[in-house]
Structures are given as structure tokens and as C-alpha cells.
Amino acid sequence: MTNENNSLAEKKTPPIYPVKTKVQVSIIFFVILGIYLFSMFWTQKEMVGGFSGAFENMFTVMEKFFPPNFGVIGAIWGPLVETIQMAIIATTIAAILTVPLAVLAARNVTTFKPLYYTTRTVLNILRTIPDLVLAVIFVGLFGIGLFPGILALVVFSLGILAKLISETIEAVDMNPLEAMRASGGNVYQVIWYALVPQVLPQFTSLVLYVFEINIRASVVLGFVGAGGIGLILNQQLGFYNYPNAMMIIVLIFAVVIIIEYISTKLREALI
Amino acid sequence: MIEFKDVSLVYPNGTEGLKKINTTIKDGEFVVIVGLSGAGKSTFIRSINRLVTPTSGSLQVDGEDILNYRSGNLRKLRTKVGMIFQNYNLVKRSNVLKNVLAGRLGHTGTLRSILNLYKKEDISLAYESLKRVNIDEKIYNRADELSGGQQQRVSIARVLTQKPKYILADEPVASLDPPTSHQVMTYLKKINKEDNITTIVNLHFIDMAMEYADRIIGMRAGEVVFDGPVSEVSEKTFEEIYGRSIREDDLRGGADES
Ligand SMILES: Nc1ncnc2c1ncn2[C@@H]1O[C@H](COP(=O)(O)OP(=O)(O)O)[C@@H](O)[C@H]1O
Ligand SMILES: [Mg+2]
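Chains as they are written, first to last, in my numbering: chain A, 26 to 296; chain B, 843 to 1100.
In short, the hints are calculated from the structure, not lab data. It should be emphasised that the depicted structure is a prediction, and the values quoted were computed from it without experimental measurement. Be a bit skeptical, because a hint or two may be false.
[Claimed, not checked] A short, non-exhaustive set of chain A residues, derived as facing chain B with CB atoms under 10 Å:
| no. | residue |
| --- | --- |
| 1 | P39 |
| 2 | I41 |
| 3 | A196 |
| 4 | N200 |
| 5 | L202 |
| 6 | A207 |
| 7 | S208 |
| 8 | L262 |
| 9 | G263 |
[Stated by the list, open to error] Not close to chain B: a few residues of chain A, all C-beta gaps over 12 Å, as computed:
| no. | residue |
| --- | --- |
| 10 | R145 |
| 11 | E192 |
| 12 | P201 |
| 13 | M205 |
| 14 | R206 |
| 15 | V215 |
| 16 | Q223 |
| 17 | Y265 |
| 18 | I277 |
[As the list claims (entries may be wrong)] Cβ pair distances, simulated, as ranges:
| no. | chain 1 | residue 1 | chain 2 | residue 2 | range |
| --- | --- | --- | --- | --- | --- |
| 19 | A | I41 | B | L959 | 35 to 45 Å |
| 20 | B | R954 | A | K138 | 27 to 37 Å |
| 21 | B | I1088 | A | K37 | 34 to 44 Å |
Note that beta-carbon positions come from the ideal geometry of N, C-alpha and C, so glycine has one too.
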């Protein structure tokens, strides 16, 4: 009896993963490793002067940045606030527009297939356009200022938010929705009573997260003419006024850290 | 009164859920549908509030054929037919009161319900319903803080708040232990008698069917294979319905414990 068991165990110890999976994972691993090695080699070859030249250059430039000019704080405060406002307005508009889009892009709620696929496709296309490109396009269309920046951020955030939230909606418990429908609720009541409570914490958390991204993105967008502190920073760098530029960088750094800290704490409290 | 006339239902994948069902359920009856898993019990019950739509025949509720109902009529139908589910189907993150008030959705305008502007009567009705199933002290608890039996009682309170004429219960005790199962069935039976609400319950436990039903409908493979008062039912009837001999797990047991 014992003998029989032993020989059975020897013959039939199954691998934890199927052989096919093992082979697939190994192939993927080696392909990725290959890509890494290749690109490392390539960058080395393209970097004329190598690292030592870069370091030398860096120090001479860095010296010019110090000390930062504290005198400009008063003057740059306005554009900095503008940048934050740009992120707040853009995130708010995106959060509102996301709601219908996310619902339409959720397979479990939008059962009408063509509508679902159309929304999905539009969102996928939106997400392929980098925020900088959006800003360049809108600055071209509407001229330099905050408006094209806000527009770029709205479109950019919509792509991320609607996709992530539609996935949250697809993961909800459908049972309460059925119960609401069975008790005579209409579509809006079903969504409001059974869907919203399940999605709301995740929704708020994602909106805050996108807000963090937008704060940083709005600085960068200023470089291409979308207003705010980025525009000023770009100008100061253009005038070779490095102490002013340094002050702006320090200020942005502080603001980003503070906002991220608050936002992270809020998100922790939500989930 | 609910009248099935030659009602058949073929699912899109070709499965025949119901095959030429003919039966009448009179007002105030407490009917238990029994049958093995896959016999068509859920399909039968869900046809009555049109969560599924039969593909042929006529199904009348209070003298009106409900099979061609569209959104407006459907809402009205569902407002007078309450439903209880195996998994309670509460919104887990919402509190008990809010879950119970959802029973008023069919009676409440969209704007009013979205702004939480329930009428005073509705709120006191919700509270009364919770009292009737003895769970009023949990009114502000989140639904997921309650045990399975308590959640099912909340879902009964939700149906009561709906003030329905009919109650459909799809395997309401399948996820509960024996004493809690009897408690839930006792509440359903009590409501049926006190409010004269016609009640149709799907069960696969033979002993519970015998204890609570006035009338038993047996289903097998989408067909009604038995229909009669409990007094006419014996173990042999069940063996005919199930197409096999009765086993231990066909019984819930624990009637004396509750
Ligand atoms: N949505 C569906 N699509 C296809 N077949 C289904 C669907 N729902 C149920 N069925 C099939 O219909 C038959 C009856 O199911 P059901 O009414 O759920 O039985 P019961 O509730 O008695 O277990 C089963 O064969 C089941 O597999
Ligand atoms: Mg079933």
C-alpha cells in the first residue's frame, strides 16, 4: 500500500505551472533582457563625450543657479497660483465629463455593444496623444494662455480617468443593481443607488491621483505656451537668469510635495 | 392572480428554460417551487417580474399580459412584485436604512430619489418594515457589517417597504444555516398571512417546502411535473420530481433548533 503510494507520487508530481506557461514566460523574459542589453549598448555609442564630459558641464551650469533669488517670490506667486488653478479647473471638468464616458465604456452597464465599442475606441485614441502634443495643438488653435493649457489637461485627464473608472465599474457587484431594477427603479435610480456607492471611493481617489499628475503636467505645459509658472520659468531660462529660475524650481518643488502629501493622505483615508 | 398559459422560454444559446408551462397562482397563496438545480425554478420566478422574458405563450398578472410590457409598464409591474434573492443583493457600502428605502424607488420620481428627498411616510414605512423583521436597531449600520441572516431580513424589509402585491423569493435560504433559514421562512410566511401578499418561493429543501408551503409546484427540465397542495405530497412525489431517491442534502433540517 505504502509502496504503491510512493511510486504514484514519484511518477505524477505535477509542476506548479504548466510547461507551456513556463516556456512562454522564459521566452518573454529573454526577449526583454535582449531589448535592455541592446538599448544600453546603443545609448553608450550615441553619447559622444561620455559621462565625464556631461558631469563637468553640469557643475559649471549648476554653479550659475546658486544662490536662488528670493526677491522674485512676490512676482512669481501669481503665475504659480495660476498653474495650480489650471490643474484644479482641468481636473474638475475632467472628473465631471468622465462620469458619462466611464459608464458608456463599462461593458456590464452599457449592454448596447456598438455604443460601448465606440466609447472605448475614442478613449483609446485620446490616450495615445501625449499631453505636450495636446498643449501644442491647443496653443496653436487658441493662442498662448491658460485656456489652451486647461483644454489640454482636460483631454489628457479624460483619457486616463474614464478608462480607469470604467474598469472600476466593470468590477462592481451586479447583484444590487438587479435588485434595484427588480423593485421598479429606472436606469438613473439604479445607477445612483446601486452603482455610485460602490464606485465613489475609488472615483475620488483616482481623481485626486490625476490631480497630482496634472499639477506637474501643468508646469511642463507652460513651456509650450500654456500659461502659468511654466511659461515664466521658460522665459527666465531663456534670459539666462538662472537665480530666478532656481527660485521658481524650488517653489514648484515645495508646492508639488505639499499637494502630493495632502492628496496621498486623503486617498489613504478613502480606501 | 398570475396565469401562465403555454409559457415557454428559450435562452439565446438555445437552452430551453421553460417548456409550455400552464399554471395559475391565486391571490394570497404561499407557493413553493421545488426541483433540482437547473430545473427552471429561477427562470419561472424571474419571468413573473420580467427579469427574463418568455419567448412564447402568455403570462398574465392581474389579468394583463405582461410579455409585451415596455419600460413604463415594466416599472409599474415591478413595483407591485417584490423580489428576494439568494445573495440578499444589498448595496454593501450603504447603510441599512438607505438599502430599505430603495424599496420605494418604483414609487418615487427620479429627481426626488436622487436628492434623497423621501416623503416622511416613506421613511417611517421603512422603519416600520425594519421593526417587523426585528432589525430596527441596525438602522445606521453598513449592510456589510451584518450577518447573512440579518442581511436577508434587511432585504425582506426592503421588499415590505415596496408594499408589493406579490413577493418572489429565489432560494432565499440557500446561503444560510438551518436555524437562520427557518427564521427567514417564518418571516416570509407571517408576512404572507398578515398582509395577504401572494408569495412564491424557490427552494430545493424538501423538509422546508413541506413545512411552509400551502401548495407545491415541482419542476424538472423546464416542465411542471407536479402541482398540488402539501397534503397530497409524499416522499414519493419528491422522488418523482427529482427523478431519483431522496438524499440527506435534500433536507435542511434543524427545525427544532430555531
Ligand atoms: N442566462 C442564461 N443563458 C442560458 N441558459 C441559461 C441562463 N440562465 C439559465 N439557463 C439555463 O436554463 C436552465 C434553467 O435554469 P434555472 O432557471 O436557473 O434553474 P434553477 O433555478 O432551477 O436552478 C438551466 O439549464 C440553465 O443552465
Ligand atoms: Mg436558481
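Of the hints stated earlier, which fail here? 1, 2, 3, 8, 9, 12, 13, 14, 15, 16 and 19
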